[in-house]
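J.: Below are the chains, spelled out letter by letter.
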Amino acid sequence: MAPDEKKAPYTVQIGPVHPALKEPVMFTFEMDGEQVKTVDFAPGQTHRGIEWMGMRRNPVQIVHLTDRICGICGVVHTLSFSLAVEQIAEIQVPERADYIRSILHEFERIQSHLLWAGVAAHELGFDSLLHLTWRVREQAMDVIENLTGNRVNYGIVQVGGVRRDIAPEQHPIIETCLSTYEGLLEKLLNLFLEDRTIAMRCRDCGILTRKDAIELCTVGPTARASGVNVDLRQDYPYAAYGDLDVRAILPEQYIGETHGDVYDRIVVRLLEVGQSCQIIRQCLSEIPAGPITAEEKLAKLLAICKKAQGEAIGRVEAPRGECLHYVRMDGKDSPTAWKVKASSYSNLMSWIPMLKGEQIADIPIIVASIDPCLSCTDRVAVVQDGIRTILTKEHLHRLSVEKTRRLQR
Amino acid sequence: MKLNSSFNRSLWVYHFNSGSCNGCEIEIVATITPRYDPERFGIKLVGSPRHADVMLITGPVVHKMKDRLLRVYAQMPDPKLVMCIGACGISGGVFFDSYNLEGPVDEVIPVDVYVPGCPPRPEAIIHGVVTALAKLERLQGERA
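Residue numbers (the numbering used here), protein chains in the order written: chain A, 1 to 409; chain B, 410 to 553.
Calculated directly from the structure, the hints in this document are not laboratory data.
Among the clues, some could well be false.
Claimed, not checked - In silico DSBU-like cross-links for lysine-lysine, where the CA-CA straight-line distance does not exceed 35 Å:
no.	chain 1	residue 1	chain 2	residue 2
1	B	K473	B	K489
2	A	K356	A	K307
3	A	K211	A	K37
4	B	K473	A	K37
5	A	K341	A	K211
6	A	K332	A	K306
7	A	K187	A	K403
8	B	K489	A	K37
9	A	K37	A	K403
10	A	K339	B	K475
11	A	K356	B	K475
12	A	K332	B	K453
13	B	K544	B	K453
14	A	K187	B	K453
15	A	K341	A	K307
16	A	K356	A	K332
17	A	K341	B	K475
18	B	K475	B	K544
19	A	K339	A	K297
20	A	K356	A	K339
21	A	K403	B	K453
22	A	K339	B	K489
23	A	K37	A	K341
24	B	K473	A	K356
25	A	K211	A	K403
26	A	K300	A	K341
27	B	K453	B	K473
28	B	K544	A	K341
29	A	K356	A	K187
30	A	K307	A	K339
31	A	K307	A	K297
Stated by the list, open to error - To give an idea of the interface, some chain B residues facing chain A are shown, with a C-beta separation under 10 Å as derived from the structure:
no.	residue
32	G428
33	N431
34	P443
35	G468
36	S507
37	Y523
To be verified - Which stretches of chain A does chain B cover? Using the computed rule of at least three CB atoms under 8 Å from a CB of chain B, they are:
no.	segment
38	48-58
39	63-70
40	82-88
All residues carry an ideal CB built from backbone N, CA and C; glycine is no exception.
Excised from the complex, chain A in its bound form (with noise of 0.2 Å):
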């Protein structure tokens, strides 16, 4: 082979058939050996035209459709859906009803980041340590099943309040679960910071600079990894957010310093989840007597909002950062413009400089780490000198946990 055709960079295809991603994309890499040189990708291969029905029905049946936008985001876009629509109506919504959309804002929270962790330990290699997260978050989900009656697509937030209430027995069960987590953070802390083998594979893995987090306009734990101090919760205050003390979560106040690398990230989300624990004990302690919705006849909801003239925007900080609806009403049953930006949307281009410059064998899990929920069955094709074999995410996944035993001798 002659020198300079050795040179010529061979192209990687990573999907589109990724059966656990909310929005199947598929990747091309031009690879110089392991190295990656150039990414792209190109994602909305589930496009189902949700803002299109949705223009098509009512405000109290739209709620229900932004449920199922995406299956872990169940709260963060009803919520969001709701704030603007309650903004256009003129909508007060009632001071329990806040606390209440908080609590489950933030236990969703929590199933998110221990979701997210068991994969991340999953795509090092580390499977023991996804069954642990992912046995431990069942009993955030057995908690939010309590208080919803749903353990997956809630429908618990409606435009003008929440349609259940917390009662007062319900209290010990939230405590419960609380303090387990509160206990257990220590353990997760321990056992994904301080393994020398996770240190290893994420210290300075798929760096994104904090000038990079800003012009690509990353949002939530992918931002403040790499030291963007951004947070609605505290920037933007929604729902109870006002009242409570929320500071944003940077990883130099447990490390002391900023690498913007996947470690940072596994970092802030570990302690978001201790943070949310704080936040729902501090609403369970402060939370106010009085209505949980602002109308409780759907038929007279449906009317003020068929009234309703205006726009607005309603913003949420996401597990995965800001999710946002526009939405304007013209007086009619329903929306005339409805426009949903999710958190995913706004880090896919930081996947661009994350993984220049990184080897194959770390693709799963920079691709991980900014949380596009991606976990299972990648098809990877290689196109090498012409020559196209076909590796399967299996085959990626065994490139990744033999690295993690390479480094480990």
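Since chain A is already given, all that's left is putting chain B on it; use the hints.
T.: For chain B alone, coordinates are given in the frame of chain A:
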């Protein structure tokens, strides 16, 4: 087509997202983790359709995924079963009037077991796999 004896005891499951909201995915992964632990019955999630006996499909089939679904289905070795998880794969669910759907899963490939719910609970998914197992045994009995 004769089923071999090892097939009776362990079903390997492959999971395909044809445009789902992620809710069913989470419940499928929750199903394979320690609380429910179906691995003690040999039920295991695998990463390649070529290794799988059962395909779990979540979500309605969107335009872009139709061709991929057919290709993945063709890659699975016989005998194979298809399970449709969640309301939107069965009927379209909340997405019934979307312009981007190829229709419910059974209009694209044949489905053997339907698990309703939005999303179905892990217990329901395990029940679905057990139903699939019973169907396989019946098929085997008819052929024996």
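J.: Compare the structure with each hint and give your call.
T.: Tested hints:
{"no.": "1", "hint": "B:K473 to B:K489", "verdict": "24 Å, holds"}
{"no.": "2", "hint": "A:K356 to A:K307", "verdict": "52 Å, violated"}
{"no.": "3", "hint": "A:K211 to A:K37", "verdict": "21 Å, holds"}
{"no.": "4", "hint": "B:K473 to A:K37", "verdict": "28 Å, holds"}
{"no.": "5", "hint": "A:K341 to A:K211", "verdict": "22 Å, holds"}
{"no.": "6", "hint": "A:K332 to A:K306", "verdict": "5 Å, holds"}
{"no.": "7", "hint": "A:K187 to A:K403", "verdict": "25 Å, holds"}
{"no.": "8", "hint": "B:K489 to A:K37", "verdict": "40 Å, violated"}
{"no.": "9", "hint": "A:K37 to A:K403", "verdict": "20 Å, holds"}
{"no.": "10", "hint": "A:K339 to B:K475", "verdict": "26 Å, holds"}
{"no.": "11", "hint": "A:K356 to B:K475", "verdict": "32 Å, holds"}
{"no.": "12", "hint": "A:K332 to B:K453", "verdict": "50 Å, violated"}
{"no.": "13", "hint": "B:K544 to B:K453", "verdict": "18 Å, holds"}
{"no.": "14", "hint": "A:K187 to B:K453", "verdict": "28 Å, holds"}
{"no.": "15", "hint": "A:K341 to A:K307", "verdict": "26 Å, holds"}
{"no.": "16", "hint": "A:K356 to A:K332", "verdict": "49 Å, violated"}
{"no.": "17", "hint": "A:K341 to B:K475", "verdict": "26 Å, holds"}
{"no.": "18", "hint": "B:K475 to B:K544", "verdict": "26 Å, holds"}
{"no.": "19", "hint": "A:K339 to A:K297", "verdict": "27 Å, holds"}
{"no.": "20", "hint": "A:K356 to A:K339", "verdict": "32 Å, holds"}
{"no.": "21", "hint": "A:K403 to B:K453", "verdict": "25 Å, holds"}
{"no.": "22", "hint": "A:K339 to B:K489", "verdict": "41 Å, violated"}
{"no.": "23", "hint": "A:K37 to A:K341", "verdict": "29 Å, holds"}
{"no.": "24", "hint": "B:K473 to A:K356", "verdict": "28 Å, holds"}
{"no.": "25", "hint": "A:K211 to A:K403", "verdict": "30 Å, holds"}
{"no.": "26", "hint": "A:K300 to A:K341", "verdict": "29 Å, holds"}
{"no.": "27", "hint": "B:K453 to B:K473", "verdict": "28 Å, holds"}
{"no.": "28", "hint": "B:K544 to A:K341", "verdict": "44 Å, violated"}
{"no.": "29", "hint": "A:K356 to A:K187", "verdict": "33 Å, holds"}
{"no.": "30", "hint": "A:K307 to A:K339", "verdict": "20 Å, holds"}
{"no.": "31", "hint": "A:K307 to A:K297", "verdict": "16 Å, holds"}
{"no.": "32", "hint": "G428", "verdict": "4 Å, holds"}
{"no.": "33", "hint": "N431", "verdict": "4 Å, holds"}
{"no.": "34", "hint": "P443", "verdict": "4 Å, holds"}
{"no.": "35", "hint": "G468", "verdict": "7 Å, holds"}
{"no.": "36", "hint": "S507", "verdict": "4 Å, holds"}
{"no.": "37", "hint": "Y523", "verdict": "18 Å, violated"}
{"no.": "38", "hint": "48-58", "verdict": "holds (count 6)"}
{"no.": "39", "hint": "63-70", "verdict": "holds (count 5)"}
{"no.": "40", "hint": "82-88", "verdict": "violated (count 0)"}
Hints 2, 8, 12, 16, 22, 28, 37 and 40 from the list above are not met by this structure, while the remaining hints are.
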